[in-house]
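Chemist: Produce the entire structure from the sequences given, and follow the hints as far as they go.
Taken in order, these protein sequences are the chains called F and B.
For the first sequence, my numbering gives the first residue as 1, with consecutive numbering after it.
For the second sequence, my numbering gives the first residue as 1, with consecutive numbering after it.
Each statement offered as a hint is correct.
Within a straight-line C-alpha distance of at most 20 Å, the following computed SDA-like cross-link-like pairs (lysine to any residue) qualify:
{"id": "1", "chain 1": "B", "residue 1": "102", "chain 2": "F", "residue 2": "48"}
{"id": "2", "chain 1": "F", "residue 1": "68", "chain 2": "B", "residue 2": "100"}
{"id": "3", "chain 1": "B", "residue 1": "102", "chain 2": "F", "residue 2": "94"}
Among chain B residues calculated to face chain F with C-beta under 8 Å, some are:
{"id": "4", "residue": "43"}
{"id": "5", "residue": "100"}
{"id": "6", "residue": "106"}
{"id": "7", "residue": "107"}
Worth flagging that the hints you see were computed from the coordinates, not collected in a lab.
Treat the numbers as computed from the prediction; the structure is a model and nothing was measured.
Ideal Cβ positions, reconstructed from N, Cα and C, are used throughout, including at glycine.
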Amino acid sequence: DQQVKQNSPSLSVQEGRISILNCDYTNSMFDYFLWYKKYPAEGPTFLISISSIKDKNEDGRFTVFLNKSAKHLSLHIVPSQPGDSAVYFCAASGTPSGGYNKLIFGAGTRLAVHP
Amino acid sequence: NAGVTQTPKFQVLKTGQSMTLQCAQDMNHNSMYWYRQDPGMGLRLIYYSASEGTTDKGEVPNGYNVSRLNKREFSLRLESAAPSQTSVYFCASSDMGQPNEKLFFGSGTQLSVL
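Modeler: Structure below.
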């Protein structure tokens with residue numbers, strides 16, 4: 001059973017508008033959440049993160065919102081640009097065990113931003 | 001500014017063949033990881049190495065072995081490849097292996113097992 005779910009496989013948005021990517025999780029022990037962005041033929045790259053003690057984190061055009069009671073987080077991109085077209089992975093982490101960074105990834109959402 | 005380097009980028013194997021995927025990082029990171037990416041499944045952790053000299057199983061370790069050769073290098077071996085191991089494999093590293101650290105990924109190896 002997937003602990004981190006991205007229920008929308010794809011999203012299409014017009015340039016300049018807002019992109020909202022959603023992520024749900026089931027494990028209440030998760031306390032850190034990250035978003036990674038992946039272009040074709042490249043590895044994922046870190047985009048933005050949020051700790052469970054916060055409900056919002058902003059970095060330029062990217063904002064992540066966390067709703068712990070709903071076990072839901074979302075990534076907002078404003079304004080969307082064609083260069084934002086990529087696959088976005090949501091990932092969650094719990095208390096480390098054995099000193100390693102165990103991330104559980106969602107299946108990803110493919111964002112297409114059209115001019 | 002190489003970061004995490006993986007070789008090869010593409011590989012086709014026949015069922016039962018063996019191969020080793022190589023990974024090296026130049027960021028002096030302590031922790032290294034191997035993930036596989038399958039459609040609709042996201043990235044799943046195969047093995048990780050919290051520090052030089054240690055390795056541990058992740059979510060999907062069956063059919064794989066790893067070697068942390070030194071601080072820079074972490075290899076993944078398929079002893080007898082199976083079609084279920086057709087996937088894209090990513091190596092990653094992080095500084096200390098803490099949950100609030102970002103992972104740095106290589107560009108991936110696309111493996112097909114026929």
